[in-house]
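Visitor: Now for the letters of each chain:
There are 4 protein chains.
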Amino acid sequence: MREAEASLFCYERGGAVVIRVGIYGGSGYTGEELLRLLVSHPGAKVVAATSRRFAGVPVAEVYPAFSGLTDLVYRDSTPQAIADTTDLVFMALPHGVSMEFVPQFLKAGLKVIDLSADYRIHSAATYEAWYGRHKFPEVLEAAVYGLPELHRERIRSSKLVANPGCYPTSIILGLAPVLRSGWIDTDSVVVDAKSGVSGAGRDPQIATLYCEVSGGFKAYKVGGHRHTPEIEQELSALSGKEMKITFTPHLLPVKRGILSTVYAKLSRDVTPEEATALYRDFYREESFVRICQSGQFPNLSSVVGSNYCDIGVAIDRRTGRIIIVSAIDNLIKGASGQAIQNMNVMCGFKEQTGLPAIALFP
Amino acid sequence: MREAEASLFCYERGGAVVIRVGIYGGSGYTGEELLRLLVSHPGAKVVAATSRRFAGVPVAEVYPAFSGLTDLVYRDSTPQAIADTTDLVFMALPHGVSMEFVPQFLKAGLKVIDLSADYRIHSAATYEAWYGRHKFPEVLEAAVYGLPELHRERIRSSKLVANPGCYPTSIILGLAPVLRSGWIDTDSVVVDAKSGVSGAGRDPQIATLYCEVSGGFKAYKVGGHRHTPEIEQELSALSGKEMKITFTPHLLPVKRGILSTVYAKLSRDVTPEEATALYRDFYREESFVRICQSGQFPNLSSVVGSNYCDIGVAIDRRTGRIIIVSAIDNLIKGASGQAIQNMNVMCGFKEQTGLPAIALFP
Amino acid sequence: MREAEASLFCYERGGAVVIRVGIYGGSGYTGEELLRLLVSHPGAKVVAATSRRFAGVPVAEVYPAFSGLTDLVYRDSTPQAIADTTDLVFMALPHGVSMEFVPQFLKAGLKVIDLSADYRIHSAATYEAWYGRHKFPEVLEAAVYGLPELHRERIRSSKLVANPGCYPTSIILGLAPVLRSGWIDTDSVVVDAKSGVSGAGRDPQIATLYCEVSGGFKAYKVGGHRHTPEIEQELSALSGKEMKITFTPHLLPVKRGILSTVYAKLSRDVTPEEATALYRDFYREESFVRICQSGQFPNLSSVVGSNYCDIGVAIDRRTGRIIIVSAIDNLIKGASGQAIQNMNVMCGFKEQTGLPAIALFP
Amino acid sequence: MREAEASLFCYERGGAVVIRVGIYGGSGYTGEELLRLLVSHPGAKVVAATSRRFAGVPVAEVYPAFSGLTDLVYRDSTPQAIADTTDLVFMALPHGVSMEFVPQFLKAGLKVIDLSADYRIHSAATYEAWYGRHKFPEVLEAAVYGLPELHRERIRSSKLVANPGCYPTSIILGLAPVLRSGWIDTDSVVVDAKSGVSGAGRDPQIATLYCEVSGGFKAYKVGGHRHTPEIEQELSALSGKEMKITFTPHLLPVKRGILSTVYAKLSRDVTPEEATALYRDFYREESFVRICQSGQFPNLSSVVGSNYCDIGVAIDRRTGRIIIVSAIDNLIKGASGQAIQNMNVMCGFKEQTGLPAIALFP
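Protein sequence lines correspond, in order, to chains Y, R, V and H.
Basically the working numbering = 1-based index in the first sequence + 113.
Basically the working numbering = 1-based index in the second sequence + 113.
Basically the working numbering = 1-based index in the third sequence + 113.
Basically the working numbering = 1-based index in the fourth sequence + 113.
You may find that some hints are simply not true.
Any copy will do: because identical chains look the same in the list, a pair fits if it lies in one copy or spans two.
Capping the alpha-carbon separation at 30 Å, the derived lysine-lysine pairs in DSS-like fashion look like this [stated by the list, open to error]:
(1) 334 to 357
(2) 357 to 378
(3) 354 to 463
(4) 220 to 248
(5) 158 to 463
(6) 354 to 158
(7) 463 to 248
(8) 158 to 272
(9) 334 to 378
(10) 378 to 272
(11) 220 to 463
(12) 354 to 378
(13) 334 to 354
(14) 220 to 158
If you're looking for bench data, these hints aren't it; they were derived computationally from the structure.
Only a predicted model underlies this, so the values are computations on that prediction, with no experimental measurement involved.
Let's have the full structure, built from the sequences with the hints guiding it.
Guide: Here you go:
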C-alpha cells in the first residue's frame, strides 16, 4: 500500500498494517465466502457483518463450519455504524439494494467493493434497459470494473470497485486474448455457460431444492440473462467494436463452479499451438489464470476451492472455429475471491494474499 | 406385424404373438436397460443375454434390481447358438466388435438392431476416417438409420437397423424442423452437448469413478467426437446440403440424460411463436417428442426414466440466432428405449409398447 | 372387488371397473408420486387433485414430466366437491390438517387413505404426547394401519386406512420376523435410519436446498422423531410386549430412498442361514418384500423407482447381535406406492396392479 | 522442534527449519491429499513422491489441480533412494505392502508415518486374525498409534507412527470421554458408520463408479470390517476392559467425510448438559475437536475440507442410551491431515501448522 493512502484508513497492529473490513449483507453464500477467506487473510480483519434475517445470531450458528473460529455476530447495522468502524466495505447485497448504500459508504470515506451488478455497467442507459433506472449515474461513472487481469492499474487507485459477475469473469477472461489479437469475427461469438447452484444464492425457493436440482440439468433465461450487457461492455472494449453475443446459462447439479464454452469464427488460420501460445503469453504475468496444455481442457474439479481461472483452447479446423473452455469457482474467482483480490490491489497487499491456491480434490 | 413375415420368426403363446429376443453383449448399462424395459414388454421375451465377463452369473446377481424378476443367466454364446433360439437380436457391443457379428445374425435370418456405431454411417469412406476400415461395406449400405421420427417406413421393412447414438438422437431431433424448413444457415450450426456418466459405460476406469465425476464438469473430445459424422450425415440429408457442425460434448455429474444446446444463424425473421409452431407441427404425430411452450425449456429431470425427447426453442433477436434445447434419457431414447421403439416398428407392435411414458421425478 | 361393494362406489367404463380417485393435497412430492403411478393404473382414474398453492395451474406445468400425459388442473376444492365426484380419496396433507378433513370424507361415504400421521396411532393419548390433541379419537380407533404385509385382511374391509410413515415401513418390515419369532431382547433395539431428501417435502426451506444437502450428511431429531410412537406401536403388537426403541434418523444426499440399519441382541443362538430362512419364510407370499441372500445386503439403488422392500440379515457372532438392513423407496413403498397397494387391497384389484416392479438403475 | 533432535534430520533454509519429506505411494487420494496440504506447510518440503503406475508423470498431470503449483514428478524409487534425500516418509501404500518397507526406512534413520493398517495393531496375533501374518512383530510393538488427542506424548518421541484408520478416528474420539468416565456399559456399544467414496481409493472398480454410487446407499462388510480390531484395541485401553463392538460401515454418496453414530447403554443417569460438559472438558485443550452445543449434531459439510472432528451428544432418556455423533473429513482428520498433525508433533512444529481450519462450504 502506498504509505500516504494507507495512513488515511488503516491502523497498525503489531507492526503490520491491518485493514478493518465490513461485510454489508453477509449471510448469503458470497458473504459467507468472504468471511471464510478473510479468516486467514493476514492483513485484513472483519469487524462487522450485517444481516437482517440473522441479526443477533452468531456467524458460527448460521454456518457451523465457523464454530470455534470466530465470535462474530450478524447485526442489522446502518451504513453509518459500519462506516465508523471500518476502512473498507464489501457489499454483498442484491442489485437495486446495493445501489442505495454504496454512495453513503463512499461519502463516509470508505473504500467500497460492490459484489452486486449495480455499478458494473458504465452506461446508465444500458443499466436501465436490463435492470431498471439507476439512481446514481455519476457514481456509476466513477466505478471501476474489478477484473484485475484487465484493469489492475485503475483498480489500484479506485474508491469504488464493481466486482464482476461470475459468468462474466469466466467469459471475459476466456475471450480477452483472441479479442485483443483480432483473430475472430466479433459477431460470431456464442457462449454456452454452466453454473453450479450456489450462484442462485441461499434464499429458499423450489427451483434450488435438492430434489429439483440433483440429477437434473437445464438452460435458463435463454437469450435474456442480465449478465449479458456486462459481458458485452468488456468484450467491446477489448475488441474495439460494439459486440453482441449469444449467451445461454445452464444450471449444473454441483454446488460450486462455472464452466463456459465459447465459440467463435476465426478470421485467420491458427494452429492449436499458436492459440495456446497466444493465451500463455497474454496471461504470462497473472497469478490466477492457468492455460491448459494444447489438447487439454479444464475440469471444474481442478478449480473449485481455488481462485484460479483455468482456460483451454481448441481449433476446430473442419469449421474454422475456435473453442475456448474457461472454468472458475463461482464463489471465489467469480465473486468473493476476486473481491479480495481487488482489495489486495486497492490496499497494496501482495495480490495473492489470503487467496486459496489449490482446489479441494477429490 | 404383417402376417406373412411374422410367421417366419415369431411364435405364438396364449394367442399373442411373442418375439424371442436375444441381447448380445448384455451386461453393460445399455444391455441392462434393454432387459429392464423388456421385462414388461407384452410382446417380446428375452430368451438369451450374453456376457463374457459374467458368463454363468445370474442377471439378478450382476444387477440386484432384478432379484425376483428374472431367472436369466448371462452366458458366453456363439452367434449361432443365439440365432437358433431367437427371432431378433439386440447388439450391445462396442463398435468394431459388433461389426463382426451382425452379418452372421443377418445370414441366420434374424432381425438385428445394432446399438453400436458400426452400421450407422452410410459411407464406408467416412466410417474409415473416424473409426477405421469397415469390413462389410455392403451390409453397411443395407442398414437403416434407426430414428423412427425420420425413417419409420424404411425401418418397418428393414432387417438391420443401426440404432442412433445418444448425442445424435438429441441433436438430429432438435434440428430436423429448422433444417427441413430451410430457416437457418447450414454452416452456422454449433452444438454444445452435455451427457450423463452412464454414456461412458460400466467398464471401470479412473475417469468415471464417483470421486472424479461428482462436483466436476468438463468438456471432452473437443472437436473430435466420433458421433460427429453420424450427426452430419443426417443433418445433411435433412437440409439437402453437405453440412459440417461444431460439436462439443461435456460430461455432466448425473447418471442419465443428454441435454444438447444448439445454435444457428437464422436466414429469415422468425418469432418465438412461429418457431414453436413449426416444431409442434413437425412432430404432431409423434408419441415421443414433446415441444415446450414458447419461453419454456426442457430439464433432464422431466425426461429421465422415459422415452421422451423434450425440445424447447428460443429466438435471440439481438443476434439473429435460434437456440434449440433438446433433452433425452441417454439410456432410453438415446439407446435402449429407441431400440425397442425400432423393434416395435419392425415387428408390427404399437410403437409405444413397453416404453416408459413418465419420468421418475424427483 | 366384491360385486356388491364395488357397485356402491365405482362406475364401469368399457366393461372394466374403474375407481374414481381424488388426491387431496396433490402438489407435494407424495401427491405427485400418486399421480405418476396412477397414470398407468388400469383400474383407477384420478378425477381431481387439489392444491391451494397451485389452484388453477395444470399439473403438467407444476411438474413438466407430465406434459402430454394429463390435462388435470390443480384446484382448491372443498371436501364436499371432491366427495361428490370420487369413490376414494388419498389425503396427502400435513398432519393436523389431514385430521380435520378425513371425517368429512368418511361421512360422505368415500374410502379414505390418509398419508399423514393423523390416524396411524391407535392411542389418542400417545398421539397427543407426540403431535398434540386429537380431535376425532373415535375415528382414530376405526382406522387400520396400512401395512398390507401385516394387516391385509383388516385393510380389505376398512373405510379408513392410515398409510404408514416411510421410516416405519422400512423398520417394521425389517423387524417383524424376529419379533414374531421371539429371537431378540425386545429392549435392545437400536435403529439407525437414513432417508433421502424428498421425505422433507417440497416446501422451500434452507435446510433442503441443494447447496446445503449435497456433499453433506447429518443426524436430525435425535431421540425425538415423531415416527417413534408409530414404530413402537407396531413392534409392540408384533412382539406382544411394550417396546421402546432408540431411533436416529439421518438425512442422506439422495433424492429418494430410506435405508434402515437395525441392531438387536439375540436371545438365542442363530446362524446367518437360519436368519435368512426365517425371513424368507415370513415373507414367502409377499410380492413386495425381497430377502437378500445370506451375506448380501440391500442397496438403495436396487429399490429406488420400485415398490420393493429389500431386506438383508447378518449375525454378529462376536457380540451376539442381529443386524437387519432394510431398504425402500420412501416415496413408493414408503408412501404413495404403499397407498396404491392399500387401494388395490381395499378395492379388490390384484395387489400389484399399477405398481412398478423394477428399480431405475443406473 | 527441539534443537538437538532437529539437527539430526533437518536442514536449514533461509533461517527456518525445513523437513525434507517423502511420500511413498503418492498417487492415490491420500497421497494426493498429503501433497495438497504440504504445498502450504511452511516447515516441510516434499522432495519425492513415488508411484509405480505414474512413474515419470508430473503430479500436475495426474492431478491437474496442481498445475502451476509444483514441478514434482512421480517416480518409482527404491526405499534407499528415498531415504537418502528425506528426513521423514509418509507411507501411503496398501496394507501388506507397507509392512515390507517400513523397517527399511526406520533402519535408514528416517521418521516414518504409516497410513496403512500394518502397524496399528499392537498384538501380532490380532493382526494375523484380521489381516494375515505380520512379518515384523518387533517393529509392530515399537509403533505408536497416531491419535494425538490420546497419545501425543508418545508420538512426540516416536520414530514410527501408525496413522489411525478413518473410521477408527471418528469412533475413538467419539467414545473416549464416556469410556474414560465409565458412564457406559462397555458391552453395549453399537457403531453405525457412514463413509464417503474416497475412502475406497482411486483404483478403478465397478463398485465405485459414479453410476453405481450416485443415488445409492448401502451397508458393506457387515460385522467384518478390518477396522474393528483397531477400534477395539483403543476402546479397551480407554475403558480398561476388553471390549467388543458391533460396527457396520456404509457407503455414502459423497466424495469425502465419515459420520459415525454411536450407541451405548448408560450405566448412570446423565443429563444432556452433563454429557456435553463432559465432552467439552475432555477436549478442552484440543485444536481439532469441536463439541456441538447440547441438542446440536455435526454435519459432514461443516468438517469437509478441514482437520476438525465435530462431535454431538444426545441422551435418549426413554431407553437409557447415549447417542454420540462424530464427523470428520476422512482424507484429512481421517488420514492425511492427521498424518501431518503427527508430523508436526514428531518434528516440533506447532500442531496446527499447515492444517486447514475451515470447511469448504457450500
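Visitor: Hints first: check each against the structure and report whether it holds.
Guide: How the hints compare with the structure:
1. Taking the closest pair of Cα atoms, residue 334 and residue 357 come within 30 Å of each other both inside a single copy (17 Å) and across two copies (28 Å).
2. For the identical chains of this complex, residue 357 and residue 378 are neighbours both inside a copy (14 Å) and across copies (14 Å), given an alpha-carbon limit of 30 Å.
3. When the C-alpha separation of residue 354 and residue 463 is checked against a cutoff of 30 Å, the pair qualifies neither within a copy, at 34 Å, nor between copies, at 57 Å.
4. Proximity of residue 220 to residue 248 under the C-alpha cut-off of 30 Å is restricted to the intra-copy arrangement: shortest distance 16 Å within a copy versus 62 Å between copies.
5. In this assembly of identical chains, the alpha carbons of residue 158 and residue 463 lie at most 30 Å apart whether taken from the same copy (16 Å) or from different copies (23 Å).
6. Taking CA atoms no more than 30 Å apart as the test, residue 354 paired with residue 158 passes in neither setting, with 42 Å inside one copy and 50 Å between copies.
7. When the C-alpha separation of residue 463 and residue 248 is checked against a cutoff of 30 Å, the pair qualifies neither within a copy, at 35 Å, nor between copies, at 53 Å.
8. When the C-alpha separation of residue 158 and residue 272 is checked against a cutoff of 30 Å, the pair qualifies only within one copy, where the shortest distance is 19 Å, while the shortest distance between copies is 40 Å.
9. In this assembly of identical chains, residue 334 and residue 378 lie within 30 Å of each other by CA distance both inside one copy and across copies; the values are 25 Å within and 19 Å between.
10. Within a single copy, residue 378 and residue 272 get their C-alpha atoms no closer than 39 Å, and across copies no closer than 43 Å, so neither meets the 30 Å cut-off.
11. In this assembly of identical chains, residue 220 and residue 463 lie within 30 Å of each other by CA distance solely inside one copy; the values are 27 Å within and 45 Å between copies.
12. In this assembly of identical chains, the alpha carbons of residue 354 and residue 378 lie at most 30 Å apart whether taken from the same copy (16 Å) or from different copies (20 Å).
13. For the homomeric pair residue 334 and residue 354, the shortest alpha-carbon distance inside one copy (26 Å) is at most 30 Å, but the shortest distance between copies (32 Å) is not.
14. When the C-alpha separation of residue 220 and residue 158 is checked against a cutoff of 30 Å, the pair qualifies only within one copy, where the shortest distance is 22 Å, while the shortest distance between copies is 48 Å.
In summary, the structure is inconsistent with hints 3, 6, 7, 10 from the numbered list given earlier, while agreeing with the others.
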